[in-house]
Structure formats: C-alpha cells, structure tokens
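Asks: Let's have the full structure, built from the sequences with the hints guiding it.
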Amino acid sequence: MNHTAEARLPAQAPEFQRSALGGPLLSRRSALAAGISTLGASWLLSACGTGGAASGQQSNPVAVPGEVRQGGTLRMARPPASDAESLDPASSLSAYEYLGALYSRLVKQAEDGTVLPDLATSWTGSADSMTWTFKLREGVTFHDGKSFTSADAAYTVRHILDPATKSPQAGVLAPFLKASGITTPDKQTVVMKLASPNAEFVSLLMSYNCYVIPDGSASTIAKTGIGTGPFSLVSFTPAGKGSVKANPSYFGGRPKLDTIELTAIADVQARVNALLAGQVDLVAQTNLDLAASKTVAASSTATTATVKNAQWYVLPMLTTAAPFDDAEVRAAFKVAYEPQAVLDLAINGRGTVANNNPVTPKDANYLDYKLTPDPEKARAVLQKAGILAAGQELFTSSYDPVLTPMSLAYQSSAKAAGLDIKIKTASADSYYTDVWIKKPFCASYWYTGRPIDQLLNQVFRAGSSYNETGWSNPQFASILDAARKTADAAKRRQHYQDAQKLLVDDSGSIVPFFADRTIGLSKEVRNYAEFGFEFDYLNIGLKA
Amino acid sequence: MLASVIARRAAFALLTIWLASLLVFVALQALPGNLATQLLGRDATPEAVAQLEQQLHLDRPAWQRYLDWLGGAVTGDFGTSLVSQQPILSAAGLALRNTGLLALVVVVVGVTLSLVLGVVAGLTRDRWPDLGISGVSLIGMSVPEFTVSTVLVLVFAIRLQWFPAVVTDGSDATVGTLLEAIWLPAASLVVVMAAYIVRMMRTSMIDVMASDYVSMARIRGLTSVRVVLRHALPNALLPTLNVIAINVAWLVGGVVVVESIFNYPGIGTLMLQSVRNRDVPMLQFIAVLGALTFVVCNLLADLAAISLNPRLRTPGRAG
Chain A
0 MNHTAEARLP AQAPEFQRSA LGGPLLSRRS ALAAGISTLG ASWLLSACGT GGAASGQQSN
60 PVAVPGEVRQ GGTLRMARPP ASDAESLDPA SSLSAYEYLG ALYSRLVKQA EDGTVLPDLA
120 TSWTGSADSM TWTFKLREGV TFHDGKSFTS ADAAYTVRHI LDPATKSPQA GVLAPFLKAS
180 GITTPDKQTV VMKLASPNAE FVSLLMSYNC YVIPDGSAST IAKTGIGTGP FSLVSFTPAG
240 KGSVKANPSY FGGRPKLDTI ELTAIADVQA RVNALLAGQV DLVAQTNLDL AASKTVAASS
300 TATTATVKNA QWYVLPMLTT AAPFDDAEVR AAFKVAYEPQ AVLDLAINGR GTVANNNPVT
360 PKDANYLDYK LTPDPEKARA VLQKAGILAA GQELFTSSYD PVLTPMSLAY QSSAKAAGLD
420 IKIKTASADS YYTDVWIKKP FCASYWYTGR PIDQLLNQVF RAGSSYNETG WSNPQFASIL
480 DAARKTADAA KRRQHYQDAQ KLLVDDSGSI VPFFADRTIG LSKEVRNYAE FGFEFDYLNI
540 GLKA
Chain B
0 MLASVIARRA AFALLTIWLA SLLVFVALQA LPGNLATQLL GRDATPEAVA QLEQQLHLDR
60 PAWQRYLDWL GGAVTGDFGT SLVSQQPILS AAGLALRNTG LLALVVVVVG VTLSLVLGVV
120 AGLTRDRWPD LGISGVSLIG MSVPEFTVST VLVLVFAIRL QWFPAVVTDG SDATVGTLLE
180 AIWLPAASLV VVMAAYIVRM MRTSMIDVMA SDYVSMARIR GLTSVRVVLR HALPNALLPT
240 LNVIAINVAW LVGGVVVVES IFNYPGIGTL MLQSVRNRDV PMLQFIAVLG ALTFVVCNLL
300 ADLAAISLNP RLRTPGRAG
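Here the protein sequences line up with chains A and B, keeping their order.
So in numbering that gives the first Met the number 0, spot 53 of the first sequence is number 52, and the numbers just go up one at a time.
So in numbering that gives the first Met the number 0, spot 195 of the second sequence is number 194, and the numbers just go up one at a time.
Since the hints were derived computationally from the structure, they do not count as laboratory data.
Be a bit skeptical, because a hint or two may be false.
[As the list claims (entries may be wrong)] Coverage of chain A stretches by chain B, computed from C-beta distances (three or more under 8 Å per stretch; other residues unrestricted):
id : segment
1  : 228-239
2  : 268-278
[Unchecked claim] Restraint ranges, calculated between C-beta atoms of paired labels, are given here:
id : chain 1 : residue 1 : chain 2 : residue 2 : range
3  : B       : Gly71     : A       : Asp433    : 27 to 33 Å
4  : A       : Ala389    : B       : Gly71     : 53 to 59 Å
5  : B       : Val25     : A       : Ala178    : 42 to 48 Å
6  : B       : Gln53     : A       : Gly462    : 26 to 32 Å
7  : A       : Asp433    : B       : Leu14     : 34 to 40 Å
8  : A       : Lys423    : B       : Gly175    : 49 to 55 Å
9  : A       : Lys522    : B       : Ala26     : 20 to 26 Å
10 : B       : Leu14     : A       : Gly385    : 55 to 61 Å
11 : B       : Leu69     : A       : Ala150    : 50 to 56 Å
12 : A       : Glu392    : B       : Leu14     : 45 to 51 Å
[To be verified] Derived lysine to aspartate or glutamate pairs resembling EDC-like cross-links, with alpha carbons at most 20 Å apart:
id : chain 1 : residue 1 : chain 2 : residue 2
13 : A       : Lys177    : A       : Asp143
14 : A       : Lys222    : B       : Asp168
15 : A       : Lys165    : B       : Glu52
16 : A       : Lys186    : A       : Asp143
17 : A       : Lys222    : B       : Asp171
18 : A       : Lys522    : A       : Glu66
19 : A       : Lys414    : A       : Glu337
20 : A       : Lys383    : A       : Asp324
21 : A       : Lys383    : A       : Asp419
22 : A       : Lys437    : A       : Glu392
23 : A       : Lys376    : A       : Asp433
24 : A       : Lys192    : A       : Asp480
25 : A       : Lys383    : A       : Asp367
26 : A       : Lys240    : B       : Glu179
27 : A       : Lys361    : A       : Asp373
28 : A       : Lys240    : B       : Asp168
29 : A       : Lys244    : B       : Asp168
30 : A       : Lys423    : A       : Glu392
31 : A       : Lys500    : A       : Glu327
32 : A       : Lys240    : B       : Glu52
33 : A       : Lys222    : A       : Glu260
The structure presented is a predicted model; accordingly, all values stated were derived computationally and were not measured.
The beta carbon of each residue, even a glycine, is placed where N, CA and C say it ideally should be.
Replies: This is the structure:
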C-alpha cells in the first residue's frame, strides 16, 4: 500500500524558535524551507515542456513596470504563520502579508537600508543620541475614522515593550527604551528618551513589528486590523481566507488595486499549483527552486520575479569550541574555498557573492573588503592544527533547501586546501534546537533587510542569544558602541565599515553568498516590488 | 452465539484503541526536547518555562498525566489545544466536518465504482474490459497518491481548468465551496483506494462464478443477472469486505497527504499544522481518532461479514 504520508511531511521546526528576529520570518523560513517536491515539479516540468533557461531575470515585472490599470482584485497565496495567526503587528504570530497593506510605521526602509519617513515626517536626535523627537504627519486617519496622533504612536511602542505582548521586537528595543521613556508633548510630537545612546535608534523602528496601531487597541487589534495603511480590512480568518480593500483616504495616495484577496496555503507545491491553475495571481514569500521556477516561467499565464539577495547563507563556526577557538583556523576555513564556486554550485549562481560579509552590497554602510581565497595558505594552517588529518564534521539539514547544497559546495571547493569536510545530515525538526549553536560547524541562513545596527549587534555581538558563533570580540563591541554614540552619519559609517572588516577577518562566520528569492506571479501583475521586509502595496496592480 | 461474537469483537476493538492511545502518548513523550522549551523558543525565561510546564502538567509523572488524559477522553474531554486555547473537539470540529465530507464522497463514489468495476472485470475475465480495468487498477495501485494528485492537478486544474487546484478557503469554508473543490482530492484517494478493492472483487467474483452452486443455479435456468446479483455477489463480497475496510481505514493516512496538496482544510491539514506547532493534545486526539477509525472500519467489516455469512449468522449451525 502507498502509505507515504511520512515522505511528504514537511520537516519544519516550530515557528517560535528564532522568532526574536522577526515572527513571520520564522514561518516564512519554514515556507521557504520546504521547496518544491522534486517529483511534482519534474512532472509539471516535463509536461509543460522546457521553458528555456532560468527566465526569472528576463521576464521580471520589477524591471518592466508597464501600464497599470486603476482597480481590480489581486489574489495572493501566502504561507500561514500558524492556526493562531493574528493581525497584531507586534505579535510573533502576525499574518505578515496583511501588515504592510493595513498599517503604516513611523519610519520605513529604503533599499540601501537608510530610514525614510512614513507616519513620522521628520525626527531629530539630541547631540548625545539619547533623546529622539519625532514630528508626526497631520491629517492622517485610521480606518475607523479616528485621527492618528502621538498617543497612538506612543501606545504602539509601549505595546511592543509590554512583556505580555511577547513581541520579537521587544528584545531589540528594550535595552534602550523603557515604556516610561516615551512622552507626547503635543498631538503631533512623540519623544523617546533612551537609557543609553544609539545614533541608529530610529532604524530599529523600521521593523514590521512596529506598524502603528490605535491607542488602547491591544485586546482587539488581532482581529480588527485597524491601521492607517493603503488598505483596510474586509475579513480575516487565521490560516484561512481574507481580504482588504483600498483605503481612499490613505495619506500616500490611492492604491492601484481595489481589493487584495489573501489565501493561506501551507504546502509550497499547492501554492504553486494554485498559481498555475489561475486561482491566485501572486505567491508571496515562497522561494521557487530551480525546477519550479522553470515550470512557472514556462506556463502561459504565470511568470517569475526575483527579489535580489533576499537571504544570506552562513556556515557558523562555533568560536567557543575546538578547533574554531583558534582565530587562525577560522581564517583558514574562510580562505580555503572560492565563494563564486560555492555560489555557482549551490544555487546556480542565483545570488551574489558575499565574501564572508553579511552586509548586502546595496547597504549604504557596506564595505567592499574580502579575504583572497588561498587554499595553499589554508592548507599550511590546517596541517599545523591537525585538521587535515582528522577532517571536520559539518552539520546540515533539509530545513532549508539551500543548506545542503551549500554544504556540499563548500566541501567540494575546500578540497583544494586538502580539507576533508564530513557532511552530517541532522533532522530538520530539531535542527535549530539541537544542532545550531550546539555543534561546532553547521549550515544556517538569515533574511536580509535588518538595519545594520541590529544585524551586527544581534548576530555577531557577544551576549546576544542569536550570536550563532559565540564570537566574543571586545574590539568589535566597542566599535559598535562607538557607532551608536556617533551622531554624524559619515563617521558612523566608518565605524560600521571597521566592524565589517573585523568581522570578515576574525569572526566565526563563513558567509559564501546572498541568495535571490524567485517568486511566482501572474503575467497580469504589474509593479511588483519587494526587498527586505518592504512590499509595495500602493503601486502593485494589474495590467491595463 | 451471534451476540457473543459481536461482544468479543467489540471488546478487542476497545482494547486496540486503548493500546493505540497508550502508544501515541508514549511516542509524544519521546519527542526530542522539553515540550515547554520547544513551545516557548530559545528566549524563554525559566519562569515562563516553569509556568507552561505547570499549565501542561509536565511537572507530574507521565503515567499520572496519561491517566488524567484517559479519564478526560472517555468522557469526551480531550484537553485544550495549545494553539487555539479552545477545547480540542471544538477546535477540530470544522476540520472533522470537512474531512468527513471528503471521506463520504470518497467512500460512496469509490466503493461503489470499484465494486462495479471488480464485478465487470471478474465476469469478463481475460477479455478486454477485464484487461483494461485490471491494467488501470494495477497502475493506480503502484503509484503513490501524491503523484496521482499531481497528475490530476496538472491535467484537470492547470491544463483544462475544469476544477480548482486548491481550496482557497480555511476550515470555515461552506459545504458548497468545498463541494466545488472536492473532486480532485476525492479522485486522488479513489484511484489509489479503488485499485485494491477492484482486484479483490475481481478475484473473488471469478472464484464464486466457478463454484458448484453458481453452476447449479445456471443449470436450474436462472437468468445471468439473477445469478450474479442474488447468488454470486453476496458471496463474492465477503472476502472483499475486509479489503474495503482496510482501504477506508487507510484513508486516514491518505488524507494527510492529499489534503496538504490540495490545501483542503480538513483533519490532515490540521495534523500537519499541529506537528509544526507542537500542539501535542491536538496530535494525540488526531492519532487516537485515526486508530478509532481503523478499528471501527474493521469491526464493521467483521459485522457485515457475519450478517452476509449464513454460517455465522444462524445460531446452532455454526462450524
């Protein structure tokens, strides 16, 4: 009998695991992790004929905005965060795709990582970067008709800080800000007084947990979804169907679309099938693997679009354990391989070489610095350390479809240095509890889109629970602190670049590449634009 | 005699369900890691872990927790879903209804169709209707349901666009909406399930048609239709009943795969979500429900066999 249920059980870790870096991030991680079942995809592929080479780039509607019709309904398939999904932006179980449509933040992110105004029209920091004053947009109303004032802005941040909310962003903001530090001198001004200086504080409010909700709405916001965003809520069912309609009084102008219908589909292949069958127009937060993207691109009604450098992939070396407690060994592992070769082999070149630096090249603070691959030098160091003879275990899992290809590609590339990598595949289910930060060497990944202050402090600084390599470098910490105290942006940039150089030289993180995300959408869709945690709901529309 | 047979079967069924519930409980205890830390994530404070452990009664010995659960379960209280914080039965209610609807369609269409096909194949042994039916059912038997589903989606949802590829509604979908989208998932299950029933029905029809009493009935001049329907079919059904029962019970596993592929908001989808969310009480309920379905199907098959078999049916003449 065909009792094959086990074969298709998506091996996914609990949503909650790494949620402090962003709730839906996790569920989207799981969604991206599942990939497309090879069998299903190849069936579709052979049946649809070959659609030529990876056509993501050629037919990318991001590049071809085209003529857009005013009005229409976009049907979007999305991965559910959980059966207990909520519209509370601060929650770790928020239904991510609704947030950007329903709400606005005080500030939003530009593609180079810098801060743009949204509900806050301007902000100023005191000379010591301890007090931040936000001037708020006037004449903005919530979907229920109430005016937006500083009370709502203050309430939103207090709601995030409230331990009862269990917001992933609380851990990011709480070290600087107490609820009592937020004051509202008048209706259009909110002041946040920090406990310690942070010149980059405003960037922490770009998070998708920081969407502004009405004053006093903590107990109702999960269902009402009342915000100031381009769309207002029509209906919402956790892990089910829902829809939003254009908000004609949105301060940024009227959206192109009239309605967006959102459908939760847990299985990745089912999401793609829905697109191919014309039941949905856009498959959100779903990274199509090569076979699936070819299938979609070959279809007569659907196509693919690329989100550049959507994730960064990493082989964390635990610096607290042998052999990676030796900085020379870490450096040797970093020069033992060729990043371009790993990028090409692991993901067919669908990404950008990272050269062991997790900061994206588009970021305003990016430092173009790399260690030149030198297998011979690596060989000498590894020989001395006795690693050439012993080999090194590298743990991977099917948690994400790229982890194992990346591990194999590193193994293959590092052979040039005589390095014998022994790949161990661990259960995806408990990978992030039993292997990550436990085993000396494993494969992992993160979403890009975190502001640089948050990225460096959270993932690389000693003391952070997300410091996956246990790297503890006092100089690195003092550079980051100096950056936080530096009000001048150009000087701060210098600090962040110093930090990147130190990170590339000494940290435990082998970062071979950034991977693009390929998503599927109908050929009718125009102006799809997405990067990091930003999605353009205002301009996306349908073909005229 | 009959009553004691039924009583014995029913007692065995209860024993099986109880053992299954015990096994499921033990298996869920063996899940890696402390449940409370799994649920709360890495950032959990010790106080939060302790609080959740108390809430889940993890601070009590496992046998005691099992007895508590068993005590609740026999009175219909399966605990509280960790995700929705609702009683299990109401949290699973709509999913149960949806899977029930799917099962109903599959069983009614699938069993009827496969019995008819089996009889036709048996009566036309080695001629083209038999060869066609047997060939197709062999293929259906060999191909896993996710492949069947994928092919059905490709042909009927993507190419011809006769049916939707997925259900776009959640578990609160109306029956009407579900009935529009139910045909491909139902067909996937029917194809895989029907194969076994067709094969069994065909074999047993051939056996029965070759038996003395069928020859006798023919000699007595009864019409072919009457011979098949009145004399051959009831006897040919007997060995097939168990195969039907096993296949209907197998649906419990099959729906998990098929519901996931079609985003059908039933108990299989709920189970996958519960695995992902570590909703242990819900998982335990679904697993026991699966065992219950399996046992009840087999029990019904036994009872049907008894009612169809004159030797088991008539007291005093058994053996």
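Asks: A separate judgement is required for each hint: does it hold in the structure or not?
Replies: Each hint, compared with the structure:
no. : hint                                : verdict
1   : 228-239                             : holds (count 4)
2   : 268-278                             : holds (count 9)
3   : Gly71(B) <-> Asp433(A): 27 to 33 Å  : holds, 32 Å
4   : Ala389(A) <-> Gly71(B): 53 to 59 Å  : holds, 54 Å
5   : Val25(B) <-> Ala178(A): 42 to 48 Å  : holds, 46 Å
6   : Gln53(B) <-> Gly462(A): 26 to 32 Å  : holds, 30 Å
7   : Asp433(A) <-> Leu14(B): 34 to 40 Å  : holds, 37 Å
8   : Lys423(A) <-> Gly175(B): 49 to 55 Å : holds, 51 Å
9   : Lys522(A) <-> Ala26(B): 20 to 26 Å  : violated, 48 Å
10  : Leu14(B) <-> Gly385(A): 55 to 61 Å  : holds, 60 Å
11  : Leu69(B) <-> Ala150(A): 50 to 56 Å  : holds, 53 Å
12  : Glu392(A) <-> Leu14(B): 45 to 51 Å  : holds, 47 Å
13  : Lys177(A) <-> Asp143(A)             : violated, 29 Å
14  : Lys222(A) <-> Asp168(B)             : holds, 18 Å
15  : Lys165(A) <-> Glu52(B)              : holds, 18 Å
16  : Lys186(A) <-> Asp143(A)             : holds, 19 Å
17  : Lys222(A) <-> Asp171(B)             : holds, 16 Å
18  : Lys522(A) <-> Glu66(A)              : holds, 13 Å
19  : Lys414(A) <-> Glu337(A)             : holds, 11 Å
20  : Lys383(A) <-> Asp324(A)             : holds, 15 Å
21  : Lys383(A) <-> Asp419(A)             : holds, 15 Å
22  : Lys437(A) <-> Glu392(A)             : holds, 13 Å
23  : Lys376(A) <-> Asp433(A)             : violated, 33 Å
24  : Lys192(A) <-> Asp480(A)             : holds, 18 Å
25  : Lys383(A) <-> Asp367(A)             : violated, 31 Å
26  : Lys240(A) <-> Glu179(B)             : holds, 16 Å
27  : Lys361(A) <-> Asp373(A)             : violated, 27 Å
28  : Lys240(A) <-> Asp168(B)             : holds, 5 Å
29  : Lys244(A) <-> Asp168(B)             : holds, 18 Å
30  : Lys423(A) <-> Glu392(A)             : holds, 7 Å
31  : Lys500(A) <-> Glu327(A)             : holds, 16 Å
32  : Lys240(A) <-> Glu52(B)              : violated, 34 Å
33  : Lys222(A) <-> Glu260(A)             : holds, 16 Å
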